[in-house]
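Visitor: Here is what each chain is made of, one letter per residue.
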Amino acid sequence: MCTPSQPTTSPPDRVSFSGKMAQKSASSLNPETHLLLDQPLLRLPHEVLRKIFKTSQKYVEQDSKKLSELAKDATRSATPASPDASIASINTMITRMQGLKRKMENLHDEEKLVHSQSRKRTTHLNDLYGLSSLLDDGYGKWSKVRLDRLLVDYMLRNGYSESAKKLAHEKEIDELVDIDVFLQCWSIEESLRRKSTTECLAWCQENKNALKKIKSTLEFELRLQQYIELVRERKLSEAVAYARKYLSGNFDSHKNDFHRASCMLAFPPERPGPYKDLYAESRWDHLVKTFVTTHHNLYNIPQGPLLHVALSAGLSALKTPSCHSTLPSSRSNTASSVTSLCPICSTELNDLAIHVPYGHHTTSWVEHDLVVLPNGRVYGTRRLEDLATKLGLGPGRVKDPITAEEWDSEEIRKVFIS
Amino acid sequence: MVPGPPALHTTFFHFHYITFCIPPAADGTCITTYTYTDTDTDAATLREPVDDDTSGCTMDAVEKELDRLTGRANLAGSIRDIDGCLELLVAAKAAIESDPTMTAATMAALETQLKAGFDRTNDSLKEVYTGLNKYGKALDKKFKLVNMSDYDVLSTHQPLINRAIAMHLLREGNFSIAETFIAEADLAAAVPPTLEADFRDMYRIKEALRLRDLGPAIAWAASRREQLEARGSNLEFELHRLQYVVYLFGGGEDGPRKALEYSRREFLPFQQKYLAEISQLAGALLWREKMTASPYADLLNSETAWAAVADSFTSEFCSLLNLAAESPLYIAATAGAIALPTLLKMTSIMKEKKTEWTSQNELPVEIPLPDKYKFHSIFVCPVSKEQTTDSNPPMMIPCGHVLAKDSLQKLSRSGNRFKCPYCPADSMPKDAREIYL
Chain S
1 MCTPSQPTTS PPDRVSFSGK MAQKSASSLN PETHLLLDQP LLRLPHEVLR
51 KIFKTSQKYV EQDSKKLSEL AKDATRSATP ASPDASIASI NTMITRMQGL
101 KRKMENLHDE EKLVHSQSRK RTTHLNDLYG LSSLLDDGYG KWSKVRLDRL
151 LVDYMLRNGY SESAKKLAHE KEIDELVDID VFLQCWSIEE SLRRKSTTEC
201 LAWCQENKNA LKKIKSTLEF ELRLQQYIEL VRERKLSEAV AYARKYLSGN
251 FDSHKNDFHR ASCMLAFPPE RPGPYKDLYA ESRWDHLVKT FVTTHHNLYN
301 IPQGPLLHVA LSAGLSALKT PSCHSTLPSS RSNTASSVTS LCPICSTELN
351 DLAIHVPYGH HTTSWVEHDL VVLPNGRVYG TRRLEDLATK LGLGPGRVKD
401 PITAEEWDSE EIRKVFIS
Chain Z
1 MVPGPPALHT TFFHFHYITF CIPPAADGTC ITTYTYTDTD TDAATLREPV
51 DDDTSGCTMD AVEKELDRLT GRANLAGSIR DIDGCLELLV AAKAAIESDP
101 TMTAATMAAL ETQLKAGFDR TNDSLKEVYT GLNKYGKALD KKFKLVNMSD
151 YDVLSTHQPL INRAIAMHLL REGNFSIAET FIAEADLAAA VPPTLEADFR
201 DMYRIKEALR LRDLGPAIAW AASRREQLEA RGSNLEFELH RLQYVVYLFG
251 GGEDGPRKAL EYSRREFLPF QQKYLAEISQ LAGALLWREK MTASPYADLL
301 NSETAWAAVA DSFTSEFCSL LNLAAESPLY IAATAGAIAL PTLLKMTSIM
351 KEKKTEWTSQ NELPVEIPLP DKYKFHSIFV CPVSKEQTTD SNPPMMIPCG
401 HVLAKDSLQK LSRSGNRFKC PYCPADSMPK DAREIYL
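Protein chains in written order, with full-length UniProt numbering: chain S, 1 to 418; chain Z, 1 to 437.
I should point out that these hints are in silico values taken from the structure, not numbers from a laboratory. Just so you know, even glycine gets a beta-carbon here, dropped at the ideal spot from N, CA and C. There may be inaccurate statements among the hints.
Reference excerpt, derived from the structure (chain S facing chain Z, CB under 10 Å, subset only) [what the hints assert, rightly or not]:
1. P31
2. Q57
3. K144
4. Y154
5. E281
6. S282
7. D285
8. H286
9. T334
10. L387
Using the sequences plus the hints, can you model the full thing?
Guide: Here it is, written out as structure tokens:
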């Protein structure tokens, strides 16, 4: 190709040199930091194991106490004259002991499932340590599995349960996702949206100690809501009885709430006065949020879908000022077979990426042997030659891959970007 | 969207500053601007150590603690102890039944033995407790706790994310999952109506290719001949060429005749454009017996030839749908995982310095991505160190060097002759022209 008007000094080929150096580091894989998105994979089962352990501890504590009492009573009343009474006590104790054993065996079965699940997960994470480059085929496969995991997590958190189950099943990643935990969470969320506190209160009961430990106000908030509903229906004496039973115990920690709750009795829902917020329907949304936050805290899982985190970071890293430009990009384009569309420019992500900042760059990144066409569009020489060959253009002819304008190669000139 | 003015960068000759603003004091009177110089050392602290020796870092420590849990530190131990207690009860019952005179003594012994049995059960439970704690500590050591919710700017865009997921599932050929998802997330109106049929078509053709049947691909390419030709795509010819090779080498004794017939029938429309290739294919007839040693070795009916044709088909197919060739969701999520360590480190440094990142337009730190994740040309003005945008586009001056429009205006002041920052050439600003990358 002809290159008219050479500059007096051509800039050194700095891009390609530093480019190569940067490329080596940019494609190396450091599993230690790369696993940030994958923590919940092991943390959640760990919490499940702790929960199983605590339940087992509770069972043993309850039953051993009861059995010790039974043994003590039986010993005290044991006489050779009435062996039958002793045998009857022993039978009671055997039944109880068998009950304990059964409960413990059920827990052990659950425990074994979680163990084998955790093993599959550590193996999956370990696979990453066998890879050293982001360009490795194995990394691509690993990353596909990660995307499927992120999608299942996203679907579960948004209540698309059937999709989540189907995806996990078809991709055979059931052991790498936590369907049951999220399904339970979602069904409680739904019950709250239906304005029923029963399910959520049962959950609080089940996790009483853990909630106490993190000083959760969830149960108080639920009880307060029950009370508000009674007041709304003007069942005032019932409301007062309810408050006495369920709210008064928390008086010290919730003085202000308590005070407001009692005063609201004087304001019917039609004239809520300063208690509009307590009567507000949005309090139910607040309860849903409080529950979900508490639930995720208890299981040590992130509050939002990890897909959001991955995409927020990824969209920004990939986005350039050209992705939402009014001018067609010379490289990211579907108009020719020598160009292909950038993922941010593709329909799937383009609107979404409007909401993130674009990537920061300190050096230019362009093709080799850049030339500018008479219409001002810039391409790498190689790309233009490729296209000319594929199109079977005559010798010395070039075509703009995007606009399809055609020129004699005399008309193009070199451009220097470093 | 036209990107707004680059509020983040203050341009000052060849130095590069990022400006952070400390939020105003509580009384709202004092707004301090803190300037953070983006020198090499500062940038380096944000980057992960690259040539770290990671050979010693595996999941070993975590797996070792998991071994403890599956080995001894589980409920099996306490169940054994409970079994022991059951045996005690059964034995005591038998003892009393066989010798009622021993009732009191047996019962007293039972009480003591049961107590010991429960102590053993509790000891076994303690082992589980210790094991779980150690496992938890190993996890803490392996995974630093980070608050990733800091880095979620998409929580209010669920419909757009849903659409991206639905399109991803269709593109990956997961039609039944996509159908369930579109129903559950109520996306029927958001996803292009013909997309599913299009991708079903694509997978039908790809499946045929996998089974070594070129027919459906050739039919598809022929029906889009004009579009493909305008794009400069050789797909149709490549498919025919592979079919010819398949006949030539897979057709047994009859192969050469079939290949010849095929070439006479199908190569006609391509004769002008692919004359050289076609004569090469004709030449291959002669070399059939010792193809691997021939000049036509790369035409062989090989795995790579089939894979190349399949890739080329997928890419052409997606381009004609005006979509990227590989799933954007996959690429973005992967790029996100690569970028995350750097971004979280940046966030934590900014928190430490109590600064806030003020621009919504541009990330404050560069993310090193492998080349295959770079899809656009990037031009960073050598003078202002800013990336060019629609409002500040790249301008080429007559010597062939390129500057951002704003820099050019600053250099030339009121339209005067100025010297190129790269070479001794002088230029007039009016001779600069906008270029499109």
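Visitor: For each hint, tell me whether it holds in the structure or not.
Guide: Verification of the supplied hints:
no. : hint : result
1   : P31  : 7 Å, holds
2   : Q57  : 6 Å, holds
3   : K144 : 7 Å, holds
4   : Y154 : 7 Å, holds
5   : E281 : 21 Å, violated
6   : S282 : 17 Å, violated
7   : D285 : 15 Å, violated
8   : H286 : 17 Å, violated
9   : T334 : 4 Å, holds
10  : L387 : 5 Å, holds
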